[in-house]
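Protein chains in written order, with our numbering: chain B, 1 to 240; chain G, 1 to 462.
Some hints could be false.
Covered stretches of chain G (chain B as the covering partner; in silico rule of three or more C-beta atoms under 8 Å from a C-beta of chain B) [to be verified]: (1) 10-23; (2) 155-164.
DEER-style ranges, computed between Cβ atoms [said to hold, decoys possible]: (3) G:Leu-447 / B:Ser-176: 52 to 60 Å; (4) G:Cys-28 / B:Lys-131: 21 to 29 Å; (5) G:Val-21 / B:Ser-176: 56 to 64 Å; (6) G:Leu-439 / B:Gly-62: 49 to 57 Å.
Derived from the structure by calculation, the hints contain no laboratory data.
We put the CB at the ideal spot given by N, CA and C, even for glycine.
So the chains spell out like this:
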Amino acid sequence: MLEIIDMSKHYGDVHAVNNLNLTIQPGEIFTMLGANGAGKTTTLMVSLGFTEPTSGTVKICGIDVTKDPLEAKKHVAYVSENVMLYGNFTARQNLEFFTKLGGRKNVSDADYEAVMERVGLQRDAFQRRLKGFSKGMRQKLGIAIAIMKDAEVILLDEPTSGLDPKSGAEFLQLLSELRGENKAIWMTTHDIFRAKAIADRVGIMTEGNLVKIFTREELEQEDLERIYVDYVTREAEAAA
Amino acid sequence: MFFLTVGKEIVHNILSFRFVVTYVLLFCLILMAMFLMTNDYQRRLQEFSTADRKVRENLAELVKIEDPAEQFQRIRQADFSALRLPTPLSLLALGLEGSLPTQVSSQSRFFVSSSDDRLGRNVLFDIFQTPDFVYVVNVVMSLLALLFVFDSVCGEKEQGTLKLLLSNSVPRDSVLLGKWVGGFFSVTAPFAVAVLGGFTYIYISGAMEMKGGDMARFGLIFVLSLLYISTFFTLGLMISTLTHRSATALLVSLLVWICWILVVPNLAPIAARLAAPVPGRQVIEAEKQAIDREVQLLMAGIGKRKVYGDQEESESIRKDGESKKRKLEEFYQDKMSRQISYSKNLARLSPSASYLFAATRLAGTGPNLFDYFQKALDRFHQGHDEFRQNMSSGVIMEWTQSGPKVKDPDWFDVENLPRFDMFAESLDDSFDAALFDILLLAVFNVLFFMLSYTIFIRYDVT
Numbered sequence: 001m002l003e004i005i006d007m008s009k010h011y012g013d014v015h016a017v018n019n020l021n022l023t024i025q026p027g028e029i030f031t032m033l034g035a036n037g038a039g040k041t042t043t044l045m046v047s048l049g050f051t052e053p054t055s056g057t058v059k060i061c062g063i064d065v066t067k068d069p070l071e072a073k074k075h076v077a078y079v080s081e082n083v084m085l086y087g088n089f090t091a092r093q094n095l096e097f098f099t100k101l102g103g104r105k106n107v108s109d110a111d112y113e114a115v116m117e118r119v120g121l122q123r124d125a126f127q128r129r130l131k132g133f134s135k136g137m138r139q140k141l142g143i144a145i146a147i148m149k150d151a152e153v154i155l156l157d158e159p160t161s162g163l164d165p166k167s168g169a170e171f172l173q174l175l176s177e178l179r180g181e182n183k184a185i186w187m188t189t190h191d192i193f194r195a196k197a198i199a200d201r202v203g204i205m206t207e208g209n210l211v212k213i214f215t216r217e218e219l220e221q222e223d224l225e226r227i228y229v230d231y232v233t234r235e236a237e238a239a240a
Numbered sequence: 001m002f003f004l005t006v007g008k009e010i011v012h013n014i015l016s017f018r019f020v021v022t023y024v025l026l027f028c029l030i031l032m033a034m035f036l037m038t039n040d041y042q043r044r045l046q047e048f049s050t051a052d053r054k055v056r057e058n059l060a061e062l063v064k065i066e067d068p069a070e071q072f073q074r075i076r077q078a079d080f081s082a083l084r085l086p087t088p089l090s091l092l093a094l095g096l097e098g099s100l101p102t103q104v105s106s107q108s109r110f111f112v113s114s115s116d117d118r119l120g121r122n123v124l125f126d127i128f129q130t131p132d133f134v135y136v137v138n139v140v141m142s143l144l145a146l147l148f149v150f151d152s153v154c155g156e157k158e159q160g161t162l163k164l165l166l167s168n169s170v171p172r173d174s175v176l177l178g179k180w181v182g183g184f185f186s187v188t189a190p191f192a193v194a195v196l197g198g199f200t201y202i203y204i205s206g207a208m209e210m211k212g213g214d215m216a217r218f219g220l221i222f223v224l225s226l227l228y229i230s231t232f233f234t235l236g237l238m239i240s241t242l243t244h245r246s247a248t249a250l251l252v253s254l255l256v257w258i259c260w261i262l263v264v265p266n267l268a269p270i271a272a273r274l275a276a277p278v279p280g281r282q283v284i285e286a287e288k289q290a291i292d293r294e295v296q297l298l299m300a301g302i303g304k305r306k307v308y309g310d311q312e313e314s315e316s317i318r319k320d321g322e323s324k325k326r327k328l329e330e331f332y333q334d335k336m337s338r339q340i341s342y343s344k345n346l347a348r349l350s351p352s353a354s355y356l357f358a359a360t361r362l363a364g365t366g367p368n369l370f371d372y373f374q375k376a377l378d379r380f381h382q383g384h385d386e387f388r389q390n391m392s393s394g395v396i397m398e399w400t401q402s403g404p405k406v407k408d409p410d411w412f413d414v415e416n417l418p419r420f421d422m423f424a425e426s427l428d429d430s431f432d433a434a435l436f437d438i439l440l441l442a443v444f445n446v447l448f449f450m451l452s453y454t455i456f457i458r459y460d461v462t
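All chains should be built: construct the whole structure from the sequences, respecting the hints.
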């Protein structure tokens with residue numbers, strides 16, 4: 001479970017995140033929508049312990065990320081917008097390294113092969129160096145690393161941006177499966193349609209504030225696209 | 001976690017293109033340096049043997065002369081040469097070995113070199129630096145170490161892998177130490193292989209008679225080289241943690257390398273000359289001549305005043321003149337020592353200078369070689385002065401009515417001739433003398449790593 005309690009992050013006069021409160025339960029996909037600079041990635045960075053919040057707390061499985069980042073990180077997996085791995089390594093070597101780094105022991109070859117197949121990577125890609133991988137393949141490998149870590153919380157920073165429709169759909173299918181495995185998933189995105197398709201709840205963030213949260217039921221009734229555009233337009237006007 | 005990151009660093013480096021380039025380059029350079037310097041050492045050894053044979057033949061000719069009076073005259077006029085044996089480990093660090101004469105004369109205070117002198121060889125050797133082992137380490141290895149590590153942290157940040165790496169439960173100190181150990185191993189492994197290859201070549205070629213002491217010195221120079229490479233490697237790691245873009249890190253690394261390898265060591269003697277000026281040797285000699293003239297004038301004054309002179313006053317004037325000249329010489333030596341000391345200390349701002357001082361000291365070709373040579377030369381000349389004084393004092397020769405006669409026909413023994421013996425510093429003494437520079441390199445290492453650690457703990461990976 002991911003808990004964000006009264007969390008603010010300021011960079012001098014810039015309020016990147018303001019008093020954010022949010023809880024993501026196990027077995028839930030929460031999608032955060034927001035324009036560039038809305039504070040989505042900053043929230044993720046605080047949740048990963050890369051930067052300390054100005055005030056408030058972020059807890060992963062009840063562990064305060066600021067106070068005990070190493071312990072908290074045992075329970076979280078991260079997939080970035082552009083999964084960048086070691087180019088000189090093969091897919092298999094990258095997967096093995098990050099799996100071991102994630103703390104998993106006694107992982108068999110069959111486990112590695114199974115997860116590669118699960119994320120849709122062809123067998124011939126196992127021994128290929130990452131340098132020749134497309135973005136879609138790298139994203140798949142990134143999610144494979146997250147799966148192998150078997151963390152309770154998965155944080156995804158715009159993971160589907162730049163993916164072709166087929167790869168995007170496959171990616172969402174994987175997330176759906178992970179939800180079935182009781183993972184708490186937070187995903188930031190600009191893609192309203194994918195957010196609507198996969199999320200249990202969707203939040204809209206503008207200027208560091210979480211201004212609106214839609215539940216599954218509300219999403220089916222409301223015109224998410226119109227509401228989101230309204231918020232973003234208002235934000236742009238306010239900035240002007 | 002630590003061993004995992006070490007293993008990752010090693011494999012990552014080994015699979016990289018720059019590892020292949022480094023490996024090939026180092027193997028070629030170090031083997032070439034060993035090969036060239038071995039040949040050079042063998043040539044110098046050959047010249048030494050040839051010259052030594054000639055000196056012995058000349059002495060044998062003098063011994064063979066049957067007429068004692070003629071032998072006496074010939075020995076009195078003879079110019080005895082002595083030779084300096086090339087330093088074996090000069091094939092690793094040439095140092096001052098190439099600048100000192102290989103042959104000295106008993107009569108002339110001026111140095112006499114063998115065919116190795118400036119006019120007897122290709123002058124281009126003096127324009128270009130000798131590519132010995134120490135040169136390769138000092139210049140090439142320092143650069144390679146920086147090129148290996150400059151993007152170790154900032155490059156991973158730029159690439160995005162650092163974020164993924166640190167999103168796991170891995171302590172930053174383990175990551176940094178793992179990067180250091182893995183990276184350092186990746187740089188030094190090809191270096192060690194190349195050195196082993198070079199050592200094998202020297203051993204097989206039989207160019208250098210490897211005695212226990214020489215082996216230990218060889219080993220110490222190798223360990224010292226690792227310490228020096230580590231200094232630049234740790235510096236590169238620090239630069240990498242200080243910057244956020246690999247292009248910036250590369251630029252900073254190259255700037256520091258240029259300053260430390262090219263600027264500081266070359267500017268230090270010039271700066272020291274400005275800070276602690278020393279009058280020219282010619283000025284000192286002119287002043288000594290002025291003192292001599294003053295003494296002569298005072299002596300002449302006594303001659304005018306007293307018909308039979310004044311032995312006591314003359315002696316006093318002479319001693320006074322000698323004392324003034326000695327003080328002048330001491331003043332010059334003191335000033336020169338101070339300038340050399342300033343040069344050394346200023347040059348030590350760069351680890352390159354510390355490495356060169358320590359390596360040449362261990363090889364026996366450092367600045368101390370000049371002192372030992374000078375002292376040996378002084379002893380040699382003093383011995384020959386005494387030898388000639390004995391010949392003139394009547395101990396060997398007596399004057400009879402029929403002419404000069406040698407008292408003892410067997411008076412001349414080659415073994416009793418003064419020798420040119422240079423002090424051979426023991427390994428312990430060499431190590432003690434090099435210890436300061438070795439410790440300085442260690443301090444640079446610790447300092448850079450501590451700074452890297454402090455910066456990396458707070459490094460912004462976002």
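Do the hints match the structure? See the list:
Note: the region 10-23 of chain G has 4 residues with beta-carbon separation from chain B under 8 Å; the three-residue rule is met and the coverage holds. Three residues within the 8 Å Cβ limit are the bar, and the region 155-164 of chain G against chain B gives 5, so the coverage statement holds. A hinted range of 52 to 60 Å holds for the C-beta pair G:Leu-447 and B:Ser-176, which are about 53 Å apart. Restraint check, G:Cys-28 to B:Lys-131: a C-beta distance of roughly 28 Å satisfies the suggested window 21 to 29 Å.
In this structure the supplied range 56 to 64 Å is violated for G:Val-21 paired with B:Ser-176, their Cβ-Cβ distance being about 47 Å. A hinted range of 49 to 57 Å holds for the C-beta pair G:Leu-439 and B:Gly-62, which are about 50 Å apart.
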